[in-house]
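For the record, the sequence lines run as chains D and G.
First residue of the first sequence: 5, per my numbering; consecutive thereafter.
First residue of the second sequence: 502, per my numbering; consecutive thereafter.
Misleading hints may appear alongside valid ones.
To list a few chain G residues with every Cβ distance to chain D over 10 Å, as calculated [claimed, not checked]:
id, residue
1, Pro549
2, Leu651
3, Thr663
Here are the in silico distance ranges between beta carbons for each label pair [unchecked claim]:
id, chain 1, residue 1, chain 2, residue 2, range
4, D, Thr82, G, Arg567, 49 to 57 Å
5, G, Gly566, D, Pro6, 45 to 53 Å
6, G, Gln589, D, Leu65, 27 to 35 Å
Note that these hints are calculated values from the structure, not bench results.
Backbone N, C-alpha and C define an ideal beta-carbon position, used for all residues, glycine too.
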Amino acid sequence: MPGVDHCLQEAMAIPGAVGASIVDYTTGFPVATTGAAPNADHEAAAAGTADVVQAANSRSLFVSALPHDLLEDLIITTAGGYHLLRMVQTDFDSRLVLYVWLDRVMGNLAVARRRMQKLADELVAS
Amino acid sequence: MTAAETAAPGRLLTQVAGERQTGVLVVGGHPGGAVYVLEGRVIYAESPAAPGVGELLTASGRLAGRTWQNALDLGTSTARVGRLLVEQGHLTQGELELCVLGAIYDAAYFVLSPASAPVDFLIGATHWLGPIVHVDPAALRREVTRRIRLLDEIFPDARVDTAAVAAVPRPPRERITLTAPQWELLVNADGQRTPADLALLLGRAGYATIQELRRMAAMGLLELPEVRSENPEFVRLPQARGAAADVQRPVPVVAAARATAAVPPPDPAPDPPRHLLVEPVEPAPSVEIAGANQAVYRPPRLARRKPGAKLPKEVAGEPPPAHQGTDEVLLKRIRTALRALR
């Protein structure tokens with residue numbers, strides 16, 4: 005039965021993954037972390053992650069462009085890496101996002117995105 | 502077992518965690534609550550102001566009330582309610598862990614944020630949910646401190662956290678944007694429900710509820726209860742400088758005082774003066790009543806009658822309508838607690 009730790013382990017098995025965490029994006033708190041974080045600070049990375057998600061979710065109009073539209077994931081590319089944020093949709097009230105940091109050379113964006121989608125779904129669905 | 506004493510709940514938590522104890526840290530006061538520690542690690546936290554795992558799962562419809570109750574009946578005595586739910590296939594391990602983690606951090610904010618409260622540590626007590634996750638107490642305390650700071654960055658007025666929620670009758674701007682959770686709160690705010698009532702009713706985290714309420718207060722969408730308490734810092738009125746200072750509108754002034762506020766300076770002319778300072782005719786519910794207990798019943802205000810006029814028959818005969826949602830949630834919590842005692 006996959007739990008949170010197992011999910012993060014699987015995320016680290018994505019080719020090129022450097023670090024992974026699950027972040028509560030209302031408070032910017034890393035609920036669970038593994039591997040490396042930008043500047044070796046998971047809590048600061050989580051706070052930044054929360055800002056990005058909030059910006060896309062409530063401070064801009066991407067998500068309300070269509071009725072019942074939903075934010076699925078956010079991808080930030082930098083010269084050195086990919087930062088993928090995947091919303092974890094739970095039935096009960098929670099505001100969680102799965103964050104994976106990929107090495108730019110080792111990582112494959114399309115593969116990683118598909119794997120993260122699967123991980124986020126498996127985490128909450130039986 | 503130690504005698505109840507007044508201390509900082511956070512410090513006592515660090516102490517018992519350092520000694521790798523097992524038991525429950527019970528914190529009194531309002532809202533109060535409890536933190537369950539297993540060999541120095543936090544396994545659960547609960548507070549009347551924060552919906553617990555059961556409320557979160559049933560209020561959202563994720564679990565039927567019957568399913569949850571069955572798991573409680575079967576697993577309470579052996580402290581493995583959580584494991585049962587996973588074993589019976591009602592929840593995935595991931596869902597349960599995420600839900601418990603959320604509930605712990607949510608309740609910990611209410612339990613550990615008071616600087617001093619009556620605290621008591623009962624050695625050996627465990628929680629009926631069973632150990633699902635293990636949280637480092639130091640990380641928990643750090644997060645509580647951070648959450649307190651986050652709230653004050655949004656809107657530095659703690660009255661919003663406990664007082665009954667009421668929307669302003671007329672929004673302060675022509676156009677306002679609400680998020681879905683904010684809408685839900687406003688629609689369910691009837692002037693009597695406190696933030697804790699709303700959180701339980703909607704099955705939303707208590708802290709997230711307060712966060713949204715502070716955001717709406719910062720936008721000037723909530724009535725701030727008039728409170729003449731012993732904390733004068735709550736009402737930060739500007740120094741009156743001649744007639745130029747607009748002392749009738751304290752709310753936008755507070756909002757403008759924040760460095761990040763991007764609102765233009767309030768134009769006094771088009772806005773109707775607020776009731777806050779001008780006409781204290783309707784006595785706002787005092788702090789004690791508002792914050793003390795969600796079970797306190799406040800009768801709805803009747804429409805104003807002419808002196809000497811009789812009440813309409815249908816109103817006079819009936820007992821005042823009870824508060825459906827709140828009572829139901831409260832009764833469920835009492836039932837859960839009673840079953841846990843068996």
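Practice task
Return holds or violated for the Cβ distance of D/Thr82 and G/Arg567 against the range 49 to 57 Å.
Solution key: Once the Cβ atoms are compared, 50 Å apart, the range 49 to 57 Å for G/Arg567 and D/Thr82 holds.
Practice task
Classify the label on G/Pro549 as holds or violated, using whether its beta-carbon is more than 10 Å from each beta-carbon of chain D.
Solution key: 17 Å, holds
Practice task
Could you check the hint for me, namely that G/Gly566 and D/Pro6 are 45 to 53 Å apart, CB to CB?
Solution key: For G/Gly566 and D/Pro6 the Cβ distance comes to about 27 Å; the hint is violated.
Handout entry: Assertion that G/Thr663 lies outside the chain D interface [Cβ separation over 10 Å]
Key = Given a closest Cβ separation of 20 Å, the condition holds.
Handout entry: Range hint compliance [Cβ, G/Gln589 to D/Leu65, 27 to 35 Å]
Key = 43 Å, violated
Handout entry: Exclusion check [G/Leu651 not at the chain D interface, CB over 10 Å]
Key = Not fine: 7 Å to the nearest Cβ puts G/Leu651 too close to chain D.
Violated hints, listed in ascending order, are 2, 5 and 6; each of the other numbered hints is respected by the structure.
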